[in-house]
Amino acid sequence: MNFEFGRVALVVLFALLPIVGIALGFFVPALRARGPLFVAFFAGIIPILSLYIPRQFLSGETGMRPRLDQWLIIVYGFALLLGIVNVIQNGSRKIARREKGWPYSAVLMTGLFLTGGLGIWGAVSGQGITTLPDGSGTPFKWIADHFFLPLQATIFALLAFFMASAAFRAFRARNTEATILLAAGIVVMAGRVPLLEFLSSPFPPLQPTAAVASQGLGKLTEWIMSTPNGAAQSGIIIGAALGAASMAIRVILGIERGYLGLGGGE
Amino acid sequence: MTPMPDIGTWVAALLTLFAFSFLYKDNPLFRFTESLFAGVSLGYYVGTTLNQTLVPNLIKPLTHDFNQNWDLLVPGLLGLLLYMRYVPKTGWVARYALGIYVAYYIGLDFTRRIHGEVLPQLGRAIVPLSHLDGHTIFYSLIFAIGVFSVLIYFFFSKEQDQVTRRIARVGIWFLMVSFGAAFGFTVMGRVALLIGRLNFLILDWIYPLIGIR
Amino acid sequence: MARFFDKLLNLDRRWLFLLVFLGVAVPIILPIGLPVTTTGPTRSAFEYIEALKPGDYVIISFDYGPSSAPENDPMAEGIMRQCFLKKIRVVVIVLYQLGGLQLASNSVAKVSAEFPNLKYGVDYVNLGYKDGAAAVMKRMGDDIAGAFPTDVRGTPLSQIPIMKGLRSLRQVSVVVTVATGLIGEYWITQAHQQSGVPVIVGPTAVGAPKYYAYLNAGQLVGMLGGMKGAAEYEKLLAARYPELGRFYKTTRAFTATKGMDAQTVIHFVIILFILIGNIAFMSRRAAQKKAAAR
Chain A
1 MNFEFGRVAL
11 VVLFALLPIV
21 GIALGFFVPA
31 LRARGPLFVA
41 FFAGIIPILS
51 LYIPRQFLSG
61 ETGMRPRLDQ
71 WLIIVYGFAL
81 LLGIVNVIQN
91 GSRKIARREK
101 GWPYSAVLMT
111 GLFLTGGLGI
121 WGAVSGQGIT
131 TLPDGSGTPF
141 KWIADHFFLP
151 LQATIFALLA
161 FFMASAAFRA
171 FRARNTEATI
181 LLAAGIVVMA
191 GRVPLLEFLS
201 SPFPPLQPTA
211 AVASQGLGKL
221 TEWIMSTPNG
231 AAQSGIIIGA
241 ALGAASMAIR
251 VILGIERGYL
261 GLGGGE
Chain S
1 MTPMPDIGTW
11 VAALLTLFAF
21 SFLYKDNPLF
31 RFTESLFAGV
41 SLGYYVGTTL
51 NQTLVPNLIK
61 PLTHDFNQNW
71 DLLVPGLLGL
81 LLYMRYVPKT
91 GWVARYALGI
101 YVAYYIGLDF
111 TRRIHGEVLP
121 QLGRAIVPLS
131 HLDGHTIFYS
141 LIFAIGVFSV
151 LIYFFFSKEQ
161 DQVTRRIARV
171 GIWFLMVSFG
181 AAFGFTVMGR
191 VALLIGRLNF
201 LILDWIYPLI
211 GIR
Chain G
1 MARFFDKLLN
11 LDRRWLFLLV
21 FLGVAVPIIL
31 PIGLPVTTTG
41 PTRSAFEYIE
51 ALKPGDYVII
61 SFDYGPSSAP
71 ENDPMAEGIM
81 RQCFLKKIRV
91 VVIVLYQLGG
101 LQLASNSVAK
111 VSAEFPNLKY
121 GVDYVNLGYK
131 DGAAAVMKRM
141 GDDIAGAFPT
151 DVRGTPLSQI
161 PIMKGLRSLR
171 QVSVVVTVAT
181 GLIGEYWITQ
191 AHQQSGVPVI
201 VGPTAVGAPK
211 YYAYLNAGQL
221 VGMLGGMKGA
231 AEYEKLLAAR
241 YPELGRFYKT
251 TRAFTATKGM
261 DAQTVIHFVI
271 ILFILIGNIA
281 FMSRRAAQKK
291 AAAR
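Residue numbers (my numbering), protein chains in the order written: chain A, 1 to 266; chain S, 1 to 213; chain G, 1 to 294.
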């Protein structure tokens, strides 16, 4: 058995400590909140410390952080599927009680169980979910290609229509700010496509072979994107990042507990 | 002769049309398609996570080389522990797994935000303005004014005196240019999706159906 | 006149939908072939890959799904073609859960079929999808096999020849993240910043404005913004490689360059919508003011 330091330390922190905490938690209810916060502190601090303190026990080959990364890839996979339990609970309740719209719930559950079932079959049989060795696709891939891909693409494509309708109805030059927004929007929309070429000669011998740099409106668009837009985006990024970083500190220190269902902060 | 569209193309084409039918008005075909989409998407989650993450990163290492990978039992159990939240009364034990999961990812996020966002972006905003030629004014100066005024707008959003209010106003203008540009780009993106769908309907379904190559 | 504008503003939106539909469908049926001009960020991405040597490693990360495939597919495929032509070794990975794996597998199958002399596992490899984007990148910074123990079909990395000379991100010449949403940003703000690997991003148009800030700060080698960026790349490829020029001209498959015709027409339509909507709005407001003055 491999008992490198990183693995053992992680097992102590994230297996033994929780086991002790859970056992005690059954007798001391106050520990049900404090225990998880204590353990979470280590999980949050390891990736941060390992970046600033390059010591073997943290970020070395056999250290804690690389192994923790590997662990959390796995936990992430489990977490991603958490919501599905909720969906199945709600769906089966709706169908059992024949609530309004239950046939749609039945459709949803059919889609879920059929696709998910084929996925599970792929894992159990060892076929996987992409192609077989002979190059043909698995049943899961067929469903993904012909149901999932077109459905997702089309649902999002609907937004193009609503966007156009909003442009007509809601995009108004009511005051200075709105006028700036509108002007920038129009310039960028015109500058990113060969609109002027289109208007000046709808049927010319187009598509020259050389890759020409953009001129006129295109150049102006590039300037808008890199300078005023770039500046505003920089400001937004700095502001949001400082907010997120302070939030991260609050979570790691256990001040922010809402995510554990323990009410807001202190 | 062009080959007729196969059954997969027919399925995809009909589902596309069902979804588009919402544009005329809400109808049972659309609701059917929407529910099917939700179900298939969730099933897709199960299939990919199981086959691409849980099998290669957890199950195979444990079954093929347990001595090297025994510690992976812990993340496996932590993952299962997350599901204890659905068990009444003992739901609190899931907090251990959730706490580890959230704190780790937020810890990574902290390093990313400070190291990858705040420091390089502030570094970029410090620009040399020693001689003011046209290029410096149009690129560096305007950029610096933009970043500075947007930050003033964010950080002095509550109590403003005359000066900060004016600077914040300039910040709003910069934001408006950015939002306008973002609107233009968003139109572009949404339209691109529609182009993709109609391209499929016309070139892959209708054309073969009526025999156009 | 005022009544006409009133009517116009209250127009059933389904007429607008129809115009949008026609604006996209007509250029697909009757292609115009409008010229595409290139911009700085796309050219620097192109030239960066152009300067790589045969045998260098490039990671193409499929960080998008079907909801943005018409924009992103041509980028990923264009860059893959360029790498294949230059004998650059390509490692494909997927970090976007909803559909990324399918799109990556389809693109790899499609483009590799155009290069029958290249061998899977020797010249290119598909490592498939992995959950937990940020953790995956972090792990790849010191050991790729720690995050991706196998390729997409379950073959251990130790049995794949192309992976013999590649241990961590530090040996990769550039990561190309073709991205919707946050994962592209992670590559820049986390992977690039912490492991030093250069990054090229191919964002959707919706995500592109934010990336200009990273581009300005020198955190990016280059960028292909939306379908326009993809079309620019196709243009650059066609100009540099005559065989690709012929390919892009004759292929039946969807290309970004073809999409730009519809893109142009529809931008024209939407700008008209905005202008007409505003003219109607202003004339109505003027009429109301006049009425109030009376």
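In case anyone wonders, no lab produced these hints; they're calculated from the structure.
These numbers come from a predicted model, not from an experiment.
Note that beta-carbon positions come from the ideal geometry of N, C-alpha and C, so glycine has one too.
Among the clues, some could well be false.
[Claimed, not checked] Now the in silico label distances, taken between C-beta atoms and shown as ranges:
no., chain 1, residue 1, chain 2, residue 2, range
1, G, LYS87, A, ARG93, 56 to 62 angstroms
2, A, ALA240, G, ALA287, 41 to 47 angstroms
3, A, PHE113, S, LEU73, 44 to 50 angstroms
4, S, HIS131, G, VAL122, 52 to 58 angstroms
5, G, LEU22, S, LYS25, 37 to 43 angstroms
6, S, ASN27, G, PRO242, 37 to 43 angstroms
7, A, GLY135, G, TYR48, 47 to 53 angstroms
8, S, LYS89, G, LEU182, 49 to 55 angstroms
9, A, ILE88, S, ASN27, 54 to 60 angstroms
10, S, LEU73, A, GLY135, 22 to 28 angstroms
11, A, ARG55, S, PHE138, 44 to 50 angstroms
12, G, LEU18, A, PRO139, 37 to 43 angstroms
13, S, LYS89, A, ILE19, 16 to 22 angstroms
14, S, ASP6, G, LYS87, 32 to 38 angstroms
Here is what the structure says about each hint:
1. The supplied range of 56 to 62 angstroms is met by LYS87 of chain G and ARG93 of chain A, whose beta-carbon atoms lie about 58 angstroms from each other.
2. Under the hint 41 to 47 angstroms, the C-beta atoms of ALA240 of chain A and ALA287 of chain G, about 44 angstroms apart, fit the expected range.
3. For PHE113 of chain A and LEU73 of chain S, the Cβ-Cβ distance of about 29 angstroms falls outside the hinted range of 44 to 50 angstroms, so the restraint is violated.
4. Against the hinted window of 52 to 58 angstroms, the Cβ-Cβ separation of HIS131 of chain S and VAL122 of chain G comes to about 55 angstroms, which satisfies the hint.
5. The given range of 37 to 43 angstroms is broken by LEU22 of chain G and LYS25 of chain S, whose C-beta atoms sit roughly 20 angstroms from each other.
6. Hint check: ASN27 of chain S to PRO242 of chain G, Cβ distance near 51 angstroms, so the stated range 37 to 43 angstroms is violated.
7. In this structure the supplied range 47 to 53 angstroms is violated for GLY135 of chain A paired with TYR48 of chain G, their Cβ-Cβ distance being about 34 angstroms.
8. Between LYS89 of chain S and LEU182 of chain G the beta carbons are some 36 angstroms apart, a value that contradicts the proposed interval 49 to 55 angstroms.
9. Range check, ILE88 of chain A to ASN27 of chain S: about 27 angstroms between beta-carbon atoms, so the 54 to 60 angstroms window is missed.
10. As the Cβ distance of LEU73 of chain S to GLY135 of chain A is approximately 37 angstroms, the hint placing it in 22 to 28 angstroms is violated.
11. For ARG55 of chain A and PHE138 of chain S, the Cβ-Cβ distance of about 48 angstroms falls inside the hinted range of 44 to 50 angstroms, so the restraint holds.
12. A beta carbon spacing of about 39 angstroms between LEU18 of chain G and PRO139 of chain A agrees with the range 37 to 43 angstroms that was offered as a hint.
13. The hinted range of 16 to 22 angstroms is satisfied by LYS89 of chain S and ILE19 of chain A, whose Cβ atoms lie roughly 19 angstroms apart.
14. At roughly 35 angstroms, the beta carbons of ASP6 of chain S and LYS87 of chain G sit within the given window of 32 to 38 angstroms.
Checked against the numbered hints given earlier, this structure breaks hints 3, 5, 6, 7, 8, 9 and 10; the rest are met.
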